[in-house]
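Enquirer: The listed protein sequences derive, respectively, from chains A and B.
For what it's worth, this note's numbering labels the leading residue of the first sequence as 1, then goes sequentially.
For what it's worth, this note's numbering labels the leading residue of the second sequence as 127, then goes sequentially.
No false leads were slipped in.
List time: in silico EDC-like cross-link candidates among lysine to aspartate or glutamate, alpha-carbon distance up to 20 Å:
#1 B/K178 <-> A/E74
#2 B/K300 <-> A/D23
#3 B/K516 <-> B/E499
#4 B/K184 <-> B/D299
Quick look at which bits of chain B chain A covers, simulated, 3 or more residues with Cβ under 8 Å:
#5 142-148
#6 168-174
#7 178-187
Residues of chain A placed beyond 12 Å of chain B at every Cβ, according to the derived structure:
#8 S3
#9 V4
#10 L5
#11 V6
#12 W7
#13 T8
#14 A9
#15 P10
#16 V11
#17 I12
#18 L13
#19 W49
#20 W52
#21 L53
It is worth saying that the hints were derived from the structure and are not from the lab.
Model, not experiment: these values are computed from the prediction.
C-beta atoms are modelled at their ideal positions from N, C-alpha and C, and glycine is treated no differently.
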Amino acid sequence: MRSVLVWTAPVILAVALIWVLTDLGLWYSGTIVGFMMAFYVRRTWRSLWMTWLAVIGTWGLELLWQAQLVPIGEAASIVAGIMGFGHSSIIVITLTLVVAWLLGTVGTWLGLALTNFLPSRTFFST
Amino acid sequence: MRRSPGWRRFANLAGAVIVTGGVIYVCAVGVGPLPGLGPALNPARGVWTMAKDATLPKTESLQIDGLNQPVQITFDKQGTAYIHATTDHDLFLATGYLHATFRLFQMDLMRRQGEGHLSQVVGAKALPSDEFEDELGLQRTAKQEWNDMAQDDSGRQALLAYTQGVNDVITADKRSGNFPALFKLLGYEPNAWTPIDSLVIQGDMTQTLDFDTGALEAALLVKSLGYQKTMQWFPILPPDEQHPYDTGPYAADGTAPIESTESVGQAEATAVKSLLTRFRTFPITAIHHGSNSNNWAVDGTKTASGTAMLAGDPHLNLTLPSIWYQLSADAPDYHYSGVSIPGVPSILIGHNQHIAWSLTNVQNQATLYYKEETSSAHPGEYFWNGAWRKLKQVHYEIPVKGKAVVPLTVNLTVHGPIITQDGQTMSVDWMGALPSPDIDAMLNVIRAQNFTQFKQALSTWHAPSQNFIYADKAGNIGLISAGYYPIVKHGDPYLPLSGTGADDVIGTIPYKDVPQAYNPKSHILFSANQRVVGKAYPYYIGTTMDFFDNGYRADEIEHFLATHQHLTVQDFEQLQNDTHDWLAGEIVPKLEQALSGQALTPAQQQAANLLNTWNGNMDGNSAAASIWWTFWTHYLSDTFSPWWNAAHVPTKVDPNLAIGPWQASLNEDLETWTLHDETNAAFNLPDGTRRTAQSVMQQAFHETVKSLSDRLGKNPSDWQWAKLHARAIPSLAQISSLGIPPKGAGGDRWTVDAADGGMVATAGPSWRMIVDFGTGAEAVYPGGQSENPLSPWYKDEVSAWWNGQYYPLTTASQVEQSGFHPTWTLRPGAKGGE
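Using the sequences and the accompanying hints, generate a full structural model.
Expert: Put into structure tokens, the structure is as follows:
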């Protein structure tokens, strides 16, 4: 039970934080959260996976939530046309999630690179 | 966690910092053609808000800063807004609020174009346009217009209230991150609106309708063809019969006859070529390219309802979103319905409770070019009126996306800005650069109740010169061509003039003498860009080359109105959607005569048979229409190309000089010679080989059949016009996926339902309106009320427009009785009104 909480709580908190910050216009909040996650977790792949889950999950959930109310797929199709990708909505939606992934990844990498200079911690090493 | 060696940790950190910084930077500002994807794709504030903004308005109450009293705005099914305001101030504020809510990106783009700030958002490719706009000085003119307005001026008050309404939306969008998607994809947010911006947009329209290159093109023709042939083939007065609406009698006091220059020097030609080459890189709206429009009115003796009727369809470049935003209003001093231009607080075309009006372009010459005398011995000076004068300088800084700011110094002479120093220093004197209180004039038009007030209101309208048609509830009709018509004291105004002072503008045609008519005996009035006055008119207003239309649409309209009685709205609909080609009706019988007795191949005979049984309508499914148009194109070319080739007319410098149906003068010449002068010397070849209209027609017909066979197959009945000719509605932002692609269509540049701009026509009726004071009004335009491509109101009227259908111009109370009538109640916000 404890290990589940240790995994899920930070991800849920991260999702909430990213959601609020992106709503305020801070599109790079995934980078901030990835950075924080690296400090919290300090293990390369675990921090990356938790960050990815949080950033892609948040941006994906936001789009899914909006899609219940408004035609997000059509918006993606129009943006694809403007960007010169034909009318493929899936490209723009994928691109959105790739941007989220990239922002989270670089934040986590930066965090991990800094934690290399800190004393070792065994919080997540069990 | 096993620790890495120290150098690897530092290298890792350095790599992380660099890559993170790089990713954030690229996501923020974009790379290559891609925008900054971070803010653009942010699911909460990025382009995705387009979906939420596309939802149709719902009934709700909104707090708006600057209002005096609550305002109600009701929307009908097409999104037409019905404003009910209890003060005039609130009416204009609500208009600004509506325009910005539905057309903010369009407004920003239009002000940027006029203010020379396009490069700031689209990059260096717009720099030539920005530099030219700064030279031309729309912003200088706008500032002067603003400064000329008195504090209590109704136009000034309208602009201030309108500005507040626009800024209410900008402020709210900034707070919520809800700017239209194209701002996000281009990576910028709009600045606050100012009254100057509205006046610049007024200037944009003036430029599109009034800034022309006719004198430059004439100079190249004189240089290549020679003065005599140029004036013979591009005369001042049209050789064909036209239908001027003002037939006189005219004022006795005109101007002295024009004195001819007869030559164009090499330096002048170099300057002209340089300018025309430069102009080709500008947006299509920067130079007047001969857009066409129609309007007409009949009094009650001609109508079924017994009251006056009026119709208007201004022809402009068609875009999505449209140039027009439709609205109706009720306020203490204003009760109107019509179309407005986003960015400008009043409607431009429409009706009030008493009168209706519409516009067409006069097409008179409003752009004069001056050859300035300069000398290396007098740097920074020009010679004028016997002395060297200091050039006035204005300095600009043009921000360019991704690059350093570009400084620009504009040199001004007494005539206007210097626009080239290549070969010959040349300046331009454009009537649109003179302050014109158009907004005041328009507000007075909207409040007018009779022709006297209407005419008085337009006395201050200077540019662009427009044919304002009028009809009223009392049954009167009128037409007045308001605007500046410059008078020069000497020289050929249709060529670049001397800048030394001898050829200066000494005034304009007095308002009492500008073309006008009121309740004519014919009971009909119409304008379709034809020369609006007869040959006895005592003032110079432009040449056949200077964009006056051939008059074929005017001929068609005159014929229809003169030969019909008991006219109804349906008759006017039929006329507005008419695709009959008047010139074809004149020339095809002559072609048939030329072909009679000739030995024809089976395909030629079949093509001739199709022409024999053709009704002259340029319908999309008509094969005869294809044969006619291709024939006329060949006929023009076969007649004039030998002369053009011999004279080396520089068509590569300016494609407008090439031979084709866009050359109004040449169409009129060939029409007149074919009908009345079949052995005109122009049919001969430059080497003296004799030809006649008949022999050239035969040649052109043979070429036509061959060319259509090669292109569309051997069977002439398969040569439908819609296979050659299409209409398209491009997006204003030039994004192909946001426009309507070419679709086969009927009409041509001379039909009342005009299709202008080539074989893929992108200009035409931008608004069709019919007002019958007996039965009501209706209208349609090719677009929709919203600029949001996802909105149901983005292009919902296009289908009706394409099919010749209309929507009623209803009142707010009629809309409220319909099933769909969401209403916004705008309430004064915390900041209250002024």
